[in-house]
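*Asks:* Could you build all of it, start to finish, from the sequences and the hints given here?
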Amino acid sequence: MSRLDAIRGRSLPVDHDARRIAALAANPACDRRAVLDAAGIDKAKTVEHLGFPTRFGQSPFAVSRTQEFRATVKAHGGAHILRLLREVLGLSVEEAGYHDVGDVGADAGHGVRYRHTMAVLKSAAENPADAATLVDHPLLKLGVAGYDVYLEPDVIAFQVDRRFHVVAIKSFAIIDGQADSGKVSAAAREAAVYVHAMRDLFAQLGLDPERVSHDVVLICPKDFMNFPTACLVDVRLQLEALKRQLQRLAKIDTLLDRLPPGLSLDLQLDGETPTRPVPELSAALSSIPARYAPECLSACEMAYFCRDEARACGSLEALGRTVRDDLGGVASLPVAMDLIAGSGVPSAEHAAIAERLGFVRRIFDEVVA
Amino acid sequence: MSLLRSFLTVRAVREGRAQPAATVRHAHLSAEPLVFIPLRLAGEAAAPLAAMVGTGRADARLLGVANPRSRDQRFTFMAELAEIIVPYIQKYAAQVEISDTKSAYERCLDAPQILVPNPGGLAFIRLIGRSTRFRATEGPHAVAPQVPLLGRWLTFLHERSEFAGSAMLLAMTDLLAEHWVTGLSGPENVNLAGQLAWIDPPDGMTGQDAALIAEDPLRSPPAGPDTDPGFDRHVLKPLIDAPSPARLHEALRGQLEPTWELMWRAVDLLRAVPDADSAEGRWERDRTALARQNTWIAEGGLPPGRWDSAVAAARRLAGLEGAQQSYEASKAFDDPLVMAEHRAEGAAFTGRVITVDADRKIIPPGKKRLVARPLVTIGTSDPVRFAPGKKLLSPARPKQGTVLVSVDADIVTLQINSGMTKDATLPSPGEVVCYTELDPAGGRRPALPDVTETPWTHGGPPPEYVPTDEDAQEAWS
Ligand code: SF4
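As you go down the protein sequences, you meet chains A and B in turn.
If you read the first sequence in my numbering, its first letter stands for residue 198, the second for the next number, and so on.
If you read the second sequence in my numbering, its first letter stands for residue 45, the second for the next number, and so on.
Since the hints were made in silico from the structure, they are not lab data.
Hints are not guaranteed to be accurate.
Claimed, not checked - Partner residues are not named here, just some residues of chain B that face chain A (Cβ under 8 Å, in silico): (1) ARG58; (2) VAL68; (3) GLU88; (4) GLY230; (5) PRO273.
Source: prediction; values computed, not measured.
Yeah, the Cβ is synthetic: ideal placement off N, Cα and C, and Gly gets one too.
*Replies:* Structure follows, in structure tokens:
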């Protein structure tokens, strides 16, 4: 893995959280993102140094709202949680053992906490079938591109009847039984990362990974209140997408083989300040193939850099995949502009779409003239 | 997207400005629209932070909440908002006429029109409606009498707005996208500032350059309801932590005013586009719905419950689909540019009439008498993908039912089946005609059982909604 370290240079690798890992699956075809993430490069810092905004800031109000809601849910030894689990899973458990793995102490190393998590989950798994257990702040581990990435999920693993469920607490509201679908799917992608990591851990413990359910319990505020409600979310699709992406990252070597030798994305930090000449860094980034699409704007910190580059090199996809698909898969904007204007002779592969566009141009001119 | 819209997207980039997607304005535009730009506190479902609202560019009212976490202040905000919006709606609701149709019905002389910046604004209106319509005006947690009324009207307007062609509540970015195609991708096109930068770029600038500037949240604050996280962190939070009402007010004004200007610029741009023929008919349906809702409220009818019953939901869904189909078709009948979109997709064709056999009479299968069935042949260079037997209509003679007889290379033969009343005309040789499978009168509602006959498979007839104390006092924390 020294090649990834060499690409990152002297900066420390950034920690992955489940959100970042979940976002990996957002643009699976992009080599650039795969390399940046595998090398643990700080994308936000990189793109800002290049002079582009990230626009991924979180409002302090949203942050404190989330914290408050979590505190409410976990108050009184997780009384709400147990009530909700009874409701959504149709259980009759009256009480559950509660273990906070985070209690080991924040200064305990990842390794120590991970081993502790393993021990707690193992004993929960070997519990008699009727004893329920809540395991808070489990520390999980995931292999990303050959690295071990530790995840500190603010989730709870719940065990009863020999089955484990991941419980995720989110602060967006479920109003009259409905929540913002974008937020639910983001939560599902994130929870899938935890399910995946827990199944990994189970496999290591010699337990059946399927004992970790693909149904995730999502706890959210009900209506306009601070009162928690819950629903089950099936994350099987998200798990599949994540697995594919992790497999791809595991084969990062073949991707690296195609990159120029000696490639470096080092920010040359002086303290916290990047000193790497911008044109140099920009050229280095551009040597890693990207696959910009407008969806990147909400999924990847590099988006404004990649959009600028995509526009500069005349990518039609920068206008959206539907435009590209409608125009018969033409990749280049200049070619598309020629085709819609009817200038030049279309190549043989574009003959069919050129004819259709010729018709569209004729009727448009006919109407607008 | 359609091929024409993709064509126009590329053309917009080529020309450096947005391209027209319509030659007429398909939505009725009120002489006195109410522009409403709500902002909410980040992290909350429906906690209002501020709003700019008013019926004229020079008549902006700024409402703000000094402490958005305070429940009382939220309801004070709602009461202030109600003081503006409810009288605006009631003014229209109060003036009714009786239609001079066969079965007479009531309709309002005119209707309110609320314009919000984007689909997020529409969703927020729904939440404001949901969070206020059940509130009690007496007892514990009593709110001002106007507050539940605001909730009921906003709920009504939002429900109507889901029917295509209704114009009492509209999102500006939707409206602009219906009339112009910019060089922005889908996700970028819900940014009002960016859209207007393409539609009406400053002199000497391309849409692309202008949109880059418009994207900067410091120059064009987000059009709501979500605020810029940077603004929250650096401006709003300090002003809420260490209250300074005057400065907070100015800060909120700074976030809202740019969007306010954009909204009125967009209204001006839309005003310059002539009305579509059928827009008035659709507005009339809005006026009728308004009168019905007003009577319902006046006679003590209850607000809609939190959930639709199964039949009501199915009925509503069918209604939405029908409205969408007939709106699409009406637009195409009113606007050759919209029809061009359908021509490009093969749902319509245009050509020149070659021959008309006006006196042709046949005995239709299964009938005994001779009837007039004129035949028309049309030469076209559009690709015609309809099969014989396809029923077609023409915007020039929407009442005349025709059926496709044959397509032979670029010659289409149609038979006219109906609508040959005395003053009707037949197509004449040399005339340019357009025929389509679209039908503005189509999209009729399928037969669904009455709510009281809900089959047991769908839970049987739902109990009638009765507001509960729980609804009326629902906590807002
Ligand atoms: S923004 Fe750039 S790096 Fe990120 S996924 Fe898109 S193309 Fe790849």
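*Asks:* The structure should be examined with respect to each hint, and the outcome stated for every one.
*Replies:* Here is what the structure says about each hint:
Checking ARG58/B against chain A: minimum C-beta separation of about 5 Å stays under 8 Å; hint holds. Because the beta carbon of VAL68/B sits about 12 Å from the nearest beta carbon in chain A, more than 8 Å, this interface hint is broken. Taking 8 Å as the C-beta cut-off, the interface hint given for GLU88/B holds, the closest approach to chain A being about 6 Å. Against a cut-off of 8 Å between C-beta atoms, the interface hint on GLY230/B holds, since the closest Cβ of chain A lies about 5 Å away.
Taken as an interface hint, PRO273/B checks out: its beta carbon lies about 4 Å from the nearest beta carbon of chain A, inside 8 Å.
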